[in-house]
Each structure stands twice: as structure tokens, then as C-alpha cells.
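There are 2 protein chains.
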Amino acid sequence: MRATTIHAPFDMRVADVPDPVVRNPGDAVVRVLRSCICGSDLWAYRGESARQAGQRIGHEFLGIVEETGAEVTGVGRGDLVVAPFTWSDGVCDYCREGLTTSCEHGGFWGSVGSDGGQGEAVRVPFADATLVALPAEAASDDRLLAALLTLSDVMGTGHHAALGAGARAGVTVAVVGDGAVGLCGVLAAKRLGADRIIALGRHEARTDIARRFGATDVVAERGDAAVEAVRELTRGQGAHAVVEAVGTEQSMRTAVSITRDGGAIGFVGVPHGSGTGLDLSVMFDRNIALRGGVAPVRTYIPELLPDVLDGTIDPSPVFDLTVGLEGVPDGYKAMDERTALKVMVAN
Amino acid sequence: MRATTIHAPFDMRVADVPDPVVRNPGDAVVRVLRSCICGSDLWAYRGESARQAGQRIGHEFLGIVEETGAEVTGVGRGDLVVAPFTWSDGVCDYCREGLTTSCEHGGFWGSVGSDGGQGEAVRVPFADATLVALPAEAASDDRLLAALLTLSDVMGTGHHAALGAGARAGVTVAVVGDGAVGLCGVLAAKRLGADRIIALGRHEARTDIARRFGATDVVAERGDAAVEAVRELTRGQGAHAVVEAVGTEQSMRTAVSITRDGGAIGFVGVPHGSGTGLDLSVMFDRNIALRGGVAPVRTYIPELLPDVLDGTIDPSPVFDLTVGLEGVPDGYKAMDERTALKVMVAN
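Heads up: the sequence lines are chains R and H, in that order. Just so it is clear: in the first sequence, position 145 is 145 by my numbering, and no numbers are missing. The number in my numbering is simply the position in the second sequence, starting from 1, with 1000 added.
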């Protein structure tokens, strides 16, 4: 089959690789219908996260079950399914508590020895625990497929950030980061009932989506000016709940500075310097909490899926460019150069 | 009157200072019966926190109301009262939410221009909101006075840490720090119903108090060996709820390393390097939350006071040395050299 491989920074290829097969009785093989490129894939693309030459990539996909191992009972051949960005066994202590990303037998698509989502098919370990079945009719609805694809990562991650930040009725939420996760953080905060949502971002195409998703205010400034602007919008106090969806020193510094005393930061930006932006003395003096991390999106799918299916939330606008599998390298280039917000791959 | 002043690192004096008087209609003057020396006072003593020469010090005290301003209605002359370590107006947004330490008109005893607790008397701003009345008969009960004095800081701070860490029934709590706050964290975790409490500490006199306060296990190792020991006690997973009551890089590093995936650190150690010990990548991968800061102990007094009065909790054993006011410099020396755990000042 064909699949995306990474060889060196900025060297993405679509290459012939062995077809995946069922290896363990709990496995399924899923033929990918849609996958996408994640902002976090760009860390590998730019050489800031190490990869072996030829390693697979892509951790967001949905598709049709093609083959299942003898022990798989929850999904079957022909089912439309979505995969979260990690697989998990469903039975360990952490899975039973909902923290599927800490599964004792879990792993990430695209890690060494595993398939990646940006390819024709994927071998899925622990298929019963990992995959979630979707209504078959969604397969013929491009808009709905795009919305459902976000359940594999960005929508669940935005939800995790909003929960971590404490988004709820009666509070002001601020979102640092205008990428797909930040925008899904806006949508999640709205869904959780936040009264006021301040989106920080300077790219109008993106802040327009933020407004569609529920942002009541947009702050286009950066750094100290952004902090000043948020404080002006909040009677000098800052936001109760702040989503940090970037992971850099600057974004975390901004997040700390705009959080109201007693508030919380929900952080989901993969840390690339953000630890340095975390001023613990300020957090101590002002009782600012920090909650978040790699989102256990598998746990959130059953809660978010009905709202996507009935249109209560529609995260599909985060995709603004679609490529075919052979166009994946172009998709990386577009996201790296920020000419695309998020790239969908339609097989 | 006589009061403790700090002149330079290691230069504590007891000096003649002006008698406090009511300046504002909301003030009270409290004649101090008991005060104490806090671990955080040692940062000033050692010159690691800047102080002006002659500045007052001491933020924990209880005493008898001697005079009140015209607007004070909640406490009156002759009342036995305890003061939290900050004053607060009781009416601002933060006070109404219980975050009295972020009060818009609040302040710390011993800050420039204010009285400190380690003296004969203190002018208390916003007396109605700041002070909490105690039963008059407690004044003649030395043990009870000592227990009540902890409500001014260490017991409430330990409670704040335990809450931040998520101590509750069914969880394992670990406490980093064997000072008075760490020990009160043990007591608070026990009070909140924690099943298992692991105290980290190597000073037997202190870990003996930890056991009295509810610790089920003591880990005397430090650094990597301490992490290993906690993991062995928790099936390799770590503790759900970790109290960080020191504030150094090493203590925070230990706290992060012994927290179970999905768990939380309740941090109350005033940061002196602890930011560097916060490995955000580990916290991200394992979804470890951080909550805490300067404890709004005023808010906790009404909840903790009945349990102190009826003996449900007795934090008084944290005091292992009592001095008179003129002995305060010796008290600092004893705490600095760790020959005393916590020093009470009996006027």
C-alpha cells in the first residue's frame, strides 16, 4: 500500500510500504477514508521532534474496517469507525478511569513499528477498545466526515483543554492559539456553557472561525499588548479559564498573565519551551492552576459524538485544504507556511 | 511596645516600636497572646527574600481585642480572636469567592508599614472580615491555644495543599516536606478521608508526628531513591495526590516524579526554585495537574475551627519549642538550624 513516511526535516514522502495485516487476535485493519495533518506533526516536519528515517506519520483517521482478529467483537468488517490518536487496551487501571493516553499497553500511531494515519490502511491494536463505530450513512457525507474526523484529536483535545481550564456557565474563557486545537477549544468552551469567550489571534480567517465557534471577543495583539487587551475586557481581572493550545514559552507566558486569580490554565499545546513561560511565583501568588496534557480523546468520543451527529457542534471548518494521499507533502508545506489551517487527506 | 524587627540576614532583634492605634474605622488593635515563626520567615532570615532594615515580621498570631474602630461590629474589646496571615476586606470579588489572599485591599502582616505578629500588639485592618472570634475559655488552655494558632497559617495551608492535590477517600496521598505545613498536609489529607498517606522525611521526630497525624507510610529516602520507594508502595504508579510543601527545585522534581498519571500536585511551598523542578513535558505526557499557591486560610477557618475545638484534629504537636517575645531571635536560630520544627512565641 501507499503511506506517508518522514525521512528528514522537510522531507515527507508517500511510499510503498507493506500492507498491514492482523497480527494479534485483538487487531483490526482499517482502510482509511480520511486522515489529516496535525499541528503537532509539524514539530517532526521541522526536525524539532526526532524521527527515524522512513518512520510513518499521521495519528488522526477514520475509515472502514477491513479485517478483524478472532477476538474482536465490537466492530466488524465494513463498519465505519473513527480512531483516537492513541490506541489503548480498555482494561488497565488507567483505561478504566478514562485516562486512555496512559494505557499500560497503549501507543501512538506513527511510533516506530506502527502504522500512521496518513496512509491507505492501518493495523489497529485492541480494536474493540480503541475504535468507535460511526453511523454507516456518514460515509457519504463529506461535511460530516470532516466533522467526525476531528474526534480523533483536535475536537477532543480542545474539549480536554476547556475542561482543564474549567470552562463552564458563568465564566470568561480565553484561548491562546488560533490553530485547529485552539479553535476547537473555543467550540468546546461554548458547548460547556461559557458566557464569554476571548480568542487571541491575528489571522482573520482563523478568528472568523473562532467567532463562528462562539468567540465573543477577538484580541489581535500579542505579548504585553494582548495581556492588556484581555485585562481591559475583564475589568482588569483576567479570564477565569484559559486554554493554552500552542506550547511555546511565549504562549504559556501569555496564558499565565491573562488568567484571573484563582483561575486555571488548560494546557494542551505539546510543550516546546512552554515550561519556561510558566512563572510559578505568579501562579503561587495568584492561585492559578494548571491542568491538561495529552488528551484522552477516546474517552471523550462517546460524549462528543452525538453532538457532532446532530449538528450541535460542527468542528469541520477547521479544515481549509483537502489533498489526496499523494499530496500529503504539499499539505505539510501549506501548514508549515500557515497558508492552510488544517489539511485533510481524502483517500 | 516591643516587637520583632529584621535588620539584615540573621540579624533579628526585639525592639521598642510605636504602640499600634486604630487608624481607620474598620481597624482593631489586638494584643498578641501567641504568635509563631513560620518556615517562610526563614527565607527573610537567610536573606533569600529581601526586607528593609527594621521591617516587622511574623504573620501568625492570636490574641485579645483591645480596641476597635467605630465601624467594627463583629468583634469587640476582650474577645479572643485568631488572625489569618493576610488581612482582607471581605467584600471584593475575590473575598466573596473565598480567595481572600487576592483581596483587592488585602495585605500581609510584616509588609512595609504594617505590624507583624511577632510583637506585643497588631493593628488589624478590616477587623470584621479578617479576624475570627474564638471561645473565651480557650485562652486558659495552652494546648488548645497552640492548636488554634495553627489556623492562622500552617493548618489552613496544609488543608489548601491537600485540597489542591485532590486528597479524598479512596486515594493515596504523598507529602513532600516534613515541616509544619507538610505535617499539617498529612493531617488535612487524613481529615479529608485519604486511605493511604505517605510522608517523605528523614527526621524521625518529624515523621513520628506525621504518623500521629495519619501517615500510613514513611519514606526516608531522598531524590531518585524516594521516587523509587513511593512507586514501590503504589504498584509502580505513584500517588494520586501529592502535597509539595517546600518550594525548592528538588522538592518539586520529587513531587512531579511521584505523582500518578492523571493525579495532581497541591503546591504551597513558597517558590524558591521550584519552577525549575516542574518538568512540563512529564506533566503533559502524564496529565499531572498543579493547583495551589498562597492559601486563603481565612476562608478555611470556619470549616476547620470546629474540628480543632472538638479535638477531631489537633495540630498543636507541630510546635516543639516555645520562647518568650525576647527569645524570638533564638527561635529563628533554632528553626534555621532545624533543632526546632516550629517555634511558638508566648507573650
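There's no promise every hint is true.
To be verified - Cβ-to-Cβ under 7 Å is the rule here; a few derived chain R residues that face chain H:
{"no.": "1", "residue": "108"}
{"no.": "2", "residue": "111"}
{"no.": "3", "residue": "261"}
{"no.": "4", "residue": "282"}
{"no.": "5", "residue": "291"}
In short, the hints are calculated from the structure, not lab data. Please read all numbers here as calculations on a predicted model, not as lab measurements. Glycine included, C-beta positions come from ideal geometry on N, C-alpha and C.
Consistency of the hints with the structure:
no.	hint	result
1	108	violated, 11 Å
2	111	violated, 13 Å
3	261	holds, 4 Å
4	282	violated, 9 Å
5	291	holds, 4 Å
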